[in-house]
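Residue 29 in the UniProt record's numbering sits at position 29 of the sequence shown, and the numbers go up by one each step.
No wet-lab data here; the hints were simulated from the structure. We put the CB at the ideal spot given by N, CA and C, even for glycine. Hints are not guaranteed to be accurate.
[Unchecked claim] DSS-like, lysine-lysine: derived pairs with alpha carbons at most 30 angstroms apart: (1) Lys21 / Lys73; (2) Lys21 / Lys133; (3) Lys92 / Lys25; (4) Lys89 / Lys21.
[As the list claims (entries may be wrong)] Here are the simulated distance ranges between beta carbons: (5) Glu44 / Ser83: 24 to 34 angstroms; (6) Lys33 / Lys73: 30 to 40 angstroms; (7) Ser104 / Gly125: 29 to 39 angstroms; (8) Pro69 / Leu91: 28 to 38 angstroms; (9) Asp20 / Ile110: 25 to 35 angstroms; (10) Val128 / His37: 53 to 63 angstroms; (11) Ala121 / Thr13: 54 to 64 angstroms; (12) Ala121 / Glu23: 54 to 64 angstroms; (13) Ser47 / Thr113: 42 to 52 angstroms; (14) Val46 / Lys73: 30 to 40 angstroms.
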Amino acid sequence: MGVTSPAGNIVHTLKGTSGDKFEFKAPRSGMYKFCFHHPYSTPETVSFYIHVGHIPNEHDLAKDEHLDPVNVKTAELREALESVVAEQKYLKARDTRHRHTNESTRKRVIFYTVGEYIFLAAASGLQVLYIRKLFSKSVAYNRV
1 MGVTSPAGNI
11 VHTLKGTSGD
21 KFEFKAPRSG
31 MYKFCFHHPY
41 STPETVSFYI
51 HVGHIPNEHD
61 LAKDEHLDPV
71 NVKTAELREA
81 LESVVAEQKY
91 LKARDTRHRH
101 TNESTRKRVI
111 FYTVGEYIFL
121 AAASGLQVLY
131 IRKLFSKSVA
141 YNRV
């Protein structure tokens, strides 16, 4: 995955990772491009969440009514709450994905085990038939 700035500069890159989080401070305003690359031919599901926010500092504010520290703390708390909500959504999606993986793995293990039991029963039955044939009377009388 790569993030490109409006000027065409690469701001952030991640390679060969899954489930990573990152954040960056945009040096300037504009449209940033997020590119996801999957080099394999198999389908891949990509889920992501982008949060754009701004926490004003007391030094960045120009107007007297904005210099109230309560407003600054409220904005910080709002950003923190949005971050917590985003984290909860991410964890819920990850839990769903892992549950699906567990279910599919469980089904494969059950099918493999049933197949193994069928194969063992067939092999045991063939061994019983072979041993009966070896010890049958007709075979024993034909020997000289």
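Results for each hint:
no., hint, verdict
1, Lys21 / Lys73, "holds, 25 angstroms"
2, Lys21 / Lys133, "violated, 68 angstroms"
3, Lys92 / Lys25, "holds, 26 angstroms"
4, Lys89 / Lys21, "holds, 13 angstroms"
5, Glu44 / Ser83: 24 to 34 angstroms, "holds, 26 angstroms"
6, Lys33 / Lys73: 30 to 40 angstroms, "holds, 34 angstroms"
7, Ser104 / Gly125: 29 to 39 angstroms, "holds, 32 angstroms"
8, Pro69 / Leu91: 28 to 38 angstroms, "holds, 32 angstroms"
9, Asp20 / Ile110: 25 to 35 angstroms, "holds, 34 angstroms"
10, Val128 / His37: 53 to 63 angstroms, "holds, 58 angstroms"
11, Ala121 / Thr13: 54 to 64 angstroms, "holds, 55 angstroms"
12, Ala121 / Glu23: 54 to 64 angstroms, "holds, 58 angstroms"
13, Ser47 / Thr113: 42 to 52 angstroms, "violated, 33 angstroms"
14, Val46 / Lys73: 30 to 40 angstroms, "holds, 36 angstroms"
Hints 2, 13 from the list above are not met by this structure, while the remaining hints are.
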